[in-house]
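Here's the letter readout for the chains.
Protein chains: 2
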Amino acid sequence: MSLVVEILSTGDELLTGQVVDTNSTWLMDRLWDLGVMVRRKTLVGDDRADLRAAIESCAARADLVIMSGGMGPTEDDLTSACVAEVLGVPLELHPPSLEAIRERFRALGRPMTANNEKQALFPRGAEVLPNRFGTAPGFAARVGRALLVCLPGVPAEFRGLCDEAVLPRVAALLDGRQAARVVKLLGVGESAADHRMRPLMDAPEHRGVRFGFRAHFPEVHVKWAIAGPDAEAHAAALEVEVRRIFGDAVWGAGKEELPALVVAALAARGARVALAESCTGGLVAALLTGVPGASAVLDLGVVAYADRVKAALLGVDERLLAAHGAVSAPVARAMAEGARRLGGATFGLGVTGIAGPGGGTPEKPVGTVHLALAGPGGGAERALQLRGDRERIRRASAFEALDLLRLALR
Amino acid sequence: MSLVVEILSTGDELLTGQVVDTNSTWLMDRLWDLGVMVRRKTLVGDDRADLRAAIESCAARADLVIMSGGMGPTEDDLTSACVAEVLGVPLELHPPSLEAIRERFRALGRPMTANNEKQALFPRGAEVLPNRFGTAPGFAARVGRALLVCLPGVPAEFRGLCDEAVLPRVAALLDGRQAARVVKLLGVGESAADHRMRPLMDAPEHRGVRFGFRAHFPEVHVKWAIAGPDAEAHAAALEVEVRRIFGDAVWGAGKEELPALVVAALAARGARVALAESCTGGLVAALLTGVPGASAVLDLGVVAYADRVKAALLGVDERLLAAHGAVSAPVARAMAEGARRLGGATFGLGVTGIAGPGGGTPEKPVGTVHLALAGPGGGAERALQLRGDRERIRRASAFEALDLLRLALR
Chain P
910 MSLVVEILST
920 GDELLTGQVV
930 DTNSTWLMDR
940 LWDLGVMVRR
950 KTLVGDDRAD
960 LRAAIESCAA
970 RADLVIMSGG
980 MGPTEDDLTS
990 ACVAEVLGVP
1000 LELHPPSLEA
1010 IRERFRALGR
1020 PMTANNEKQA
1030 LFPRGAEVLP
1040 NRFGTAPGFA
1050 ARVGRALLVC
1060 LPGVPAEFRG
1070 LCDEAVLPRV
1080 AALLDGRQAA
1090 RVVKLLGVGE
1100 SAADHRMRPL
1110 MDAPEHRGVR
1120 FGFRAHFPEV
1130 HVKWAIAGPD
1140 AEAHAAALEV
1150 EVRRIFGDAV
1160 WGAGKEELPA
1170 LVVAALAARG
1180 ARVALAESCT
1190 GGLVAALLTG
1200 VPGASAVLDL
1210 GVVAYADRVK
1220 AALLGVDERL
1230 LAAHGAVSAP
1240 VARAMAEGAR
1250 RLGGATFGLG
1260 VTGIAGPGGG
1270 TPEKPVGTVH
1280 LALAGPGGGA
1290 ERALQLRGDR
1300 ERIRRASAFE
1310 ALDLLRLALR
Chain L
910 MSLVVEILST
920 GDELLTGQVV
930 DTNSTWLMDR
940 LWDLGVMVRR
950 KTLVGDDRAD
960 LRAAIESCAA
970 RADLVIMSGG
980 MGPTEDDLTS
990 ACVAEVLGVP
1000 LELHPPSLEA
1010 IRERFRALGR
1020 PMTANNEKQA
1030 LFPRGAEVLP
1040 NRFGTAPGFA
1050 ARVGRALLVC
1060 LPGVPAEFRG
1070 LCDEAVLPRV
1080 AALLDGRQAA
1090 RVVKLLGVGE
1100 SAADHRMRPL
1110 MDAPEHRGVR
1120 FGFRAHFPEV
1130 HVKWAIAGPD
1140 AEAHAAALEV
1150 EVRRIFGDAV
1160 WGAGKEELPA
1170 LVVAALAARG
1180 ARVALAESCT
1190 GGLVAALLTG
1200 VPGASAVLDL
1210 GVVAYADRVK
1220 AALLGVDERL
1230 LAAHGAVSAP
1240 VARAMAEGAR
1250 RLGGATFGLG
1260 VTGIAGPGGG
1270 TPEKPVGTVH
1280 LALAGPGGGA
1290 ERALQLRGDR
1300 ERIRRASAFE
1310 ALDLLRLALR
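Listed in order, the protein sequences are those of chains P and L. If you want the working numbering, it's the position in the first sequence, counting the first as 1, plus 909. If you want the working numbering, it's the position in the second sequence, counting the first as 1, plus 909.
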């Protein structure tokens, strides 16, 4: 059983790069959680002929077409009219919707202009989907063998109506016989992940499983979707195998995010961390403090770009700097210890490296990074040789630093 | 003259909501700068039949189809094979590309696995587009009346190849009689910008100019594209008008980025800045140090989440904290002065606020932020009342802080 779902979005603003069509990304993610991979997504402008052609071709291929946009009061909102044309039926006024729109304007204390009545016009025979998140109701209609669901493009309204009226129907159609998983890796490239997964993916017992990889730099995500009566058990068994393949490189799964996971692990232990960052320049602090509640686990971060700051503020011995250079394991260690002491924290985390584009030498090329963690049970270190531009090196260093902390907190 | 351009993206990961197809948004934006609105965008998965059908239908409608993804070494990278099937030609090895791929692996010191050879296979007759940004070259081929350009989906490679090999061709097709401008604002919302621009946009002498707004949070960009023989002069004259409308809210134009602009302004004056961040938690530091050469203008950043750190490290008077609270103008000022003193810097920048979701009170709701700058010519301050979630409040605060520094450096 395979449900073919397509997404169709309309709106000139989506085709000029001015507005990102976040609705479809959001919906794809929700559908994936149900084990459904959207088959195709199409984006067209507010043009009657383009829109009609797109509706026809989507409906010819799919079981379910979810459409967003073109439901507002203005002249370039064409969805209802185009669907009616495709179906060869007239538009009809839906009095309860008109009343709801009137009521909404009354509640806002604003006059309702005549063009808003347009939002109560639907193709004859369509099922109206009341919209308690905004003005324009959605509607659903059969177009050939496909069910076409049309929703307003305003994100809060689109998402609200999807959650209320669309996703439950999809789940019912699927009958619970779908499952999907995502496992998240750090320190393994996409092609290496593919290579190590190959025997599993090629095994006859996993035929029919849809495997995929996603590079979400610096992370790589491994995912799989399964249909069938034993989908859930099969997906869970695969997760055990995948985790065995990648070991410690697996830091999380599903919707987990590394910074939030580290903040939660620190909070669970009542521990706090202090940071001393050189090449990441505040990125580790910014990632951690992006998590609500981070104030419970972090109270100090020092961006120590200059050796002078490393020595004066963090107490890094100047002889260490002279003997090994600022980018070295001993200096990373001293930075971690200095941050821990200065912040009075459970853990101290030090990051020093060469992010480029300048500053590299033959012995220490751009991408050389040293991480160190100082903690109650001793220390941990990691030396990296990263590739890429300044942004990638900084980002990879910051995530590797968080990962070092994650492993210490297990 | 109207050039019909379509975008076709492929990749299962784009259809599961896990990866946002930022390439197409970026490209739409670039094309818009040339005065071209993309006609349709299609997203399909890594499925041979779907991909072939999509290539055929795009090529039947458009003059130019720009395709991204499916160019990698793995089995589910199908672009070359599908284009060859659509054209009814075989795949052929392109020896210079194979050599370039080999050379790339040699330079990285990694063994080249056999599947990488696949990236040197192209449909017979295609024009190969060398890729100096990564491994997989792109290619261009005529499909019916359309020119189909296929590029790798990795953003840096896609964008690099677009800039080098695609956009110049589009510009040439357009005959150079196009001009476009972007002016970048901070502290003005999109609808307020639209409102203030209205008289200019409605003026008869600017009929035919294509105006647009782009919310690139926390910035708003105002842009316009003009076609015709006097396009360049007209676009330049409009820039003068737009700058007059928005005054100091205009911080830059074109491809300028605020952090790089601030780093350059500091460097030009031989000045350095030291940071004391509370609610932004390292974000200001991360933005500045993301700019190559930032080490010349920043040597200290302190993330002072706890009052204890504000007092002990930055020397913020505990009586100030008790009297006004940590989120107050006097504390922001003391943080700025403390950072300046501790870092021995020309300027000190202090940020304190409530990013939420918790921590708000009726007097100081979530989104209350105080910024202060201490410098040789005295200080400057800014109080903000921001809306949105934690991420938006932090991001807006960080950019407003950089803007405060920008104005002081003029």
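Just so you know, these hints were derived from the structure itself, not from any lab. Possibly wrong hints are sitting among the right ones.
Given that identical chains are not distinguished, each listed pair holds provided it fits within a single copy or across any two copies.
Derived SDA-like pairs (lysine to any residue); straight-line CA-CA distance at most 25 Å [stated by the list, open to error]:
no., residue 1, residue 2
1, LYS1164, GLU1300
2, LYS1027, ALA1124
3, LYS1273, GLY1096
4, LYS1164, GLY1121
5, LYS1164, VAL1063
6, LYS1164, ASP1226
7, LYS1164, VAL929
8, LYS1164, PRO1064
9, LYS1273, VAL1097
10, LYS1164, ALA1140
11, LYS1273, PRO1201
12, LYS1273, ASN1024
13, LYS1027, ARG970
14, LYS1164, THR931
15, LYS1273, LEU1017
16, LYS1164, ASP1103
Consistency of the hints with the structure:
1. When the C-alpha separation of LYS1164 and GLU1300 is checked against a cutoff of 25 Å, the pair qualifies both within a copy, at 24 Å, and between copies, at 18 Å.
2. For a Cα distance limit of 25 Å, the shortest separation of LYS1027 from ALA1124 across copies, 20 Å, qualifies, whereas the shortest one inside one copy, 40 Å, does not.
3. For the homomeric pair LYS1273 and GLY1096, the shortest alpha-carbon distance inside one copy (20 Å) is at most 25 Å, but the shortest distance between copies (43 Å) is not.
4. For the homomeric pair LYS1164 and GLY1121, the shortest alpha-carbon distance inside one copy (16 Å) is at most 25 Å, but the shortest distance between copies (35 Å) is not.
5. In the homo-oligomer, the alpha carbons of LYS1164 and VAL1063 lie at most 25 Å apart both inside one protomer (21 Å) and across protomers (23 Å), since each shortest distance falls under that limit.
6. For a Cα distance limit of 25 Å, the shortest separation of LYS1164 from ASP1226 qualifies neither inside one copy, at 42 Å, nor across copies, at 43 Å.
7. With identical chains, the CA atoms of LYS1164 and VAL929 are at most 25 Å apart both within one copy (22 Å) and between copies (15 Å).
8. In the homo-oligomer, the alpha carbons of LYS1164 and PRO1064 lie at most 25 Å apart both inside one protomer (18 Å) and across protomers (23 Å), since each shortest distance falls under that limit.
9. With identical chains, the CA atoms of LYS1273 and VAL1097 are at most 25 Å apart within one copy only, with a shortest distance of 22 Å there and 45 Å across copies.
10. In the homo-oligomer, the alpha carbons of LYS1164 and ALA1140 lie at most 25 Å apart inside one protomer (20 Å), although the nearest pairing across protomers, at 49 Å, exceeds that limit.
11. In this homomeric assembly, LYS1273 and PRO1201 come within 25 Å of each other (Cα to Cα) only across copies, at 18 Å, whereas the closest approach inside a single copy is 37 Å.
12. Proximity of LYS1273 to ASN1024 under the C-alpha cut-off of 25 Å is found in neither arrangement, the shortest distances being 59 Å within a copy and 32 Å between copies.
13. Proximity of LYS1027 and ARG970 under a CA criterion of 25 Å is satisfied in neither setting, with 30 Å inside one chain copy and 31 Å between copies.
14. When the C-alpha separation of LYS1164 and THR931 is checked against a cutoff of 25 Å, the pair qualifies both within a copy, at 17 Å, and between copies, at 20 Å.
15. Taking CA atoms no more than 25 Å apart as the test, LYS1273 paired with LEU1017 passes between copies only; the shortest distance there is 15 Å, against 54 Å inside one copy.
16. Taking the shortest Cα distances, LYS1164 and ASP1103 sit within 25 Å of each other inside one copy (21 Å), while across copies they are farther apart (37 Å).
Going down the numbered hints, you'll see the structure goes against 6, 12, 13, while the others check out.
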